[in-house]
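Construct the complete structure from the given sequences, taking the supplied hints into account.
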Amino acid sequence: MSHAAPPAHYTSMGLDSRKMGFWAFIGSECLLFGSLISTYLVYQGRSVAGPTPSQILNIPVTSISTFDLLMSSLWMVLALAAVQRGDMKWAKIWLLGVAIGGTIFLGFQFYEFSSFVREGLTMQANLFGCTFFILTGTHGAHVTVGVLWMLTLWVRALQGKLGPQHAMTVEIAGLYWHFVDVVWIVIFTLVYLLHK
Amino acid sequence: MSEATGLKSWLTTTDHKRIGKLYFWTAFVMFLIGGLEAELIRIQLAKPENSFVGADTYNQLFTMHGTTMVFMALMPLAAAFFNYIVPLQIGARDVAFPRLNAFSYWVFLLGTVFMNASWLLPHHPAPDGGWFGYATLTEKQFNPGPNIDFWLLGLQILGIASLAAGFNFIVTILNLRAPGMKMMRLPVFSWMTLVTSFLMITAFPVITVALVFLMFDRVFGTHFYLPSAGGDPVLWQHLFWLFGHPEVYILILPAMGVVSEILPTFARKPLFGYTVVVYSGVLIGFMGWGVWSHHMFSVGLGPIADSVFALTTMLIAIPTGVKIFNWLATLWGGQIKLTVAMCFALGFIGLFTIGGLSGVTHASPPADLQQTDTYYVVAHFHYVLFGGTMMGLFAGMYYWWPKMTGRLLSEPLGYVHFWLTFIGMNLTFFPMHFTGLLGMPRRVYTYTHDLGVDDMNMASTIGAIILGVGMIFFVYNMWRTRTKGAVAGPNPWGGATLEWSIPSPPPVHNFDVIPTVTSRLPLWDSPPAPKTPPGHIHVPGGSWWPMVAAAGLPLMALAPLTHTLWIVFVGGAVLIYGIYRWAYEPFEV
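Chain order of the listed sequences is U and D. Note that numbering that gives the first Met the number 0 has the first sequence beginning at 0, numbered continuously upward. Note that numbering that gives the first Met the number 0 has the second sequence beginning at 0, numbered continuously upward.
No wet-lab data here; the hints were simulated from the structure. Backbone N, C-alpha and C fix where the C-beta goes; we use that ideal spot for every residue, glycine too. Please note: incorrect hints may appear among the correct ones.
To be verified - Computed from the model, here is a short list of chain D residues facing chain U with C-beta under 10 Å:
#, residue
1, ALA95
2, LEU173
3, MET182
4, VAL208
5, ALA209
6, GLY220
7, SER227
8, VAL573
9, ILE575
10, ALA582
11, TYR583
As the list claims (entries may be wrong) - Computed footprint of chain U on chain D, listed as stretches where at least three residues anywhere in the stretch have a Cβ under 8 Å from a Cβ of chain U:
#, stretch
12, 157 to 166
13, 193 to 204
14, 491 to 499
As structure tokens, then:
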């Protein structure tokens with residue numbers, strides 16, 4: 000990912016190779032989440048036992064964590080802008096902010112999962128449990144990877160090893176973060192807002 | 000610039016040519032193992048009510064034969080050529096991400112070892128649920144042993160190798176082309192590699208999700224495919240074939256690319272309708288996503304779904320047929336040289352056409368209902384995957400062997416290999432059309448004399464033995480050529496594409512000077528002027544970390560296999576440690 004000053008390689012498309020590779024990765028991830036979301040939708044309302052989504056989903060609480068995750072995307076934009084203009088003081092603040100925002104989201108998810116289990120919704124309880132936990136769990140795993148990535152960049156910045164010459168590294172991390180955020184918007188809409 | 004030698008230089012290599020060779024030899028060994036499994040199947044079926052192997056072992060043999068050939072032999076054999084040839088064809092010094100490329104190979108190797116290790120354990124618990132792994136046969140209550148766990152974990156590992164390779168080759172082909180190498184000047188093999196790479200990065204996530212569901216069902220007791228809790232086994236079929244049909248094109252498109260290189264070379268004519276061949280390949284790539292339910296006509300999806308998928312399946316035959324006519328038109332009026340590579344390429348056209356036509360017959364649901372799960376289908380897809388993919392890959396082996404080793408394979412031995420393969424292949428698989436239509440079911444370890452298919456099964460078995468003898472000639476040919484093969488020189492066939500403009504085998508940096516391309520057939524239109532070699536050419540160094548990171552994956556997979564949680568943390572730690580060292584080691588592409 001980031002090593003000494005990335006040389007300005009000639010590329011046929013004029014686009015940084017790492018960035019192009021990452022876009023391909025995001026395309027691939029769309030199929031991954033697409034399969035998970037389709038399965039959730041196909042199995043919607045087919046559970047033979049409870050609890051059902053309307054009995055258990057806590058939309059106000061999840062709205063707060065959704066807001067938090069959306070805000071972290073804004074901080075990601077600000078982090079990249081700070082790195083690009085060489086303002087490493089604010090870059091460190093915003094990168095840490097993204098990591099904290101992600102961690103708060105994961106905390107909400109931990110709270111949500113554990114309260115669901117207490118109320119009887121486990122992965123084994125019914126089809127809703129199977130599909131809900133695997134979909135939101137996969138998303139949570141992606142957020143976890145993102146938090147580790149942001150913390151890595153933050154530590155590199157603290158060590159003075161991240162500067163404007165690494166703007167592409169931060170931009171790619173940002174692509175990942177925004178993608179994970181967009182996936183959550185889809186999940187929040189389909190699973191929480193349009194639940195049956 | 001001298002090349003490092005020794006074991007360490009291979010373990011840490013990031014050179015696309017060495018990784019290509021590693022892919023080739025690993026996949027070739029797996030091809031021989033998969034072939035051995037096929038021979039055992041044919042011995043069991045040589046006569047009715049045979050007891051050479053029992054039903055359980057037979058299930059394992061056909062499961063591992065299919066899984067091995069698809070994921071561990073044919074795909075990686077194609078990947079060997081992606082690795083070795085594509086950077087040379089596009090005028091690049093390496094792939095876009097050399098260490099990711101090494102990672103792909105090590106993940107592929109370790110996934111292969113992981114799945115096949117099941118043969119070596121006590122009671123050899125090798126996978127036994129078919130390469131298609133239909134739920135609910137693969138669920139815990141019907142298959143409680145570790146067999147299916149080996150399969151579903153091994154496939155997840157192999158999928159990661161394919162994904163990483165897909166990203167790498169998309170970027171390599173789009174971004175690392177030599178100056179002047181416009182997309183419409185790209186050799187067809189590189190074009191088909193690009194389409195295949197897009198199919199890999201889109202199809203593998205789908206099977207990964209299907210396998211994760213199955214893993215959760217088996218390990219954590221979820222109900223994704225269990226009807227008792229409202230789950231639906233047909234979901235598995237949809238996800239599997241949504242991956243599985245693009246996978247068919249992942250297997251055939253590279254062979255089509257190989258043949259599109261060889262026919263012009265040995266007909267001394269440019270490929271007829273280059274643009275149409277390329278666009279047909281791209282169209283096949285898109286349409287390959289819209290035909291998956293033709294594998295599921297017998298499920299009973301209803302007349303609307305059946306009609307739609309029958310139509311799309313018949314439609315996809317059009318771009319395929321277009322390619323066949325373009326190849327034939329390339330031959331028309333050419334000065335044809337029947338080298339061994341050319342013989343295999345011509346064999347590809349004929350046999351693939353037969354397989355394509357029998358495929359169109361089961362595009363029609365009423366006909367398919369008679370054919371499904373019979374040997375007719377076995378005949379069909381072996382004409383496509385052996386008559387098509389393998390003939391194409393053999394053609395590629397004879398064609399590019401001199402480029403990869405500097406020496407030519409023996410042509411006389413090659414003709415023996417070709418004719419034994421061509422005759423053996425037809426003797427094995429052509430009678431299966433009839434055994435199938437007469438009612439012999441697939442995947443059953445024996446049959447009775449009353450079915451009236453004794454002679455045809457014996458013919459298939461004799462054909463399989465002829466195929467095996469052909470392979471012995473090929474292996475001997477490869478062995479012999481190390482010392483006795485004629486020295487090839489840069490361009491033994493008079494090829495037109497850039498890989499033939501440099502010495503055989505190429506130096507570690509490939510091109511002394513990156514060529515500037517002005518046409519589709521650079522070596523025919525304007526032979527490159529001798530270049531003065533520049534002073535220093537940067538070549539990426541080696542790295543241990545791709546292999547270390549790759550080792551984390553089979554370690555993690557041991558956790559669900561043995562139901563031991565802590566192993567997943569060990570494996571995860573190895574993976575993350577490898578990735579961090581990889582990310583922050585000094586390494587200049």
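Here's how the hints hold up against the structure:
no., hint, result
1, ALA95, "5 Å, holds"
2, LEU173, "5 Å, holds"
3, MET182, "9 Å, holds"
4, VAL208, "4 Å, holds"
5, ALA209, "8 Å, holds"
6, GLY220, "5 Å, holds"
7, SER227, "8 Å, holds"
8, VAL573, "16 Å, violated"
9, ILE575, "8 Å, holds"
10, ALA582, "4 Å, holds"
11, TYR583, "7 Å, holds"
12, 157 to 166, "holds (count 3)"
13, 193 to 204, "holds (count 5)"
14, 491 to 499, "violated (count 0)"
The structure is inconsistent with the numbered hints 8 and 14, although it conforms to all the rest.
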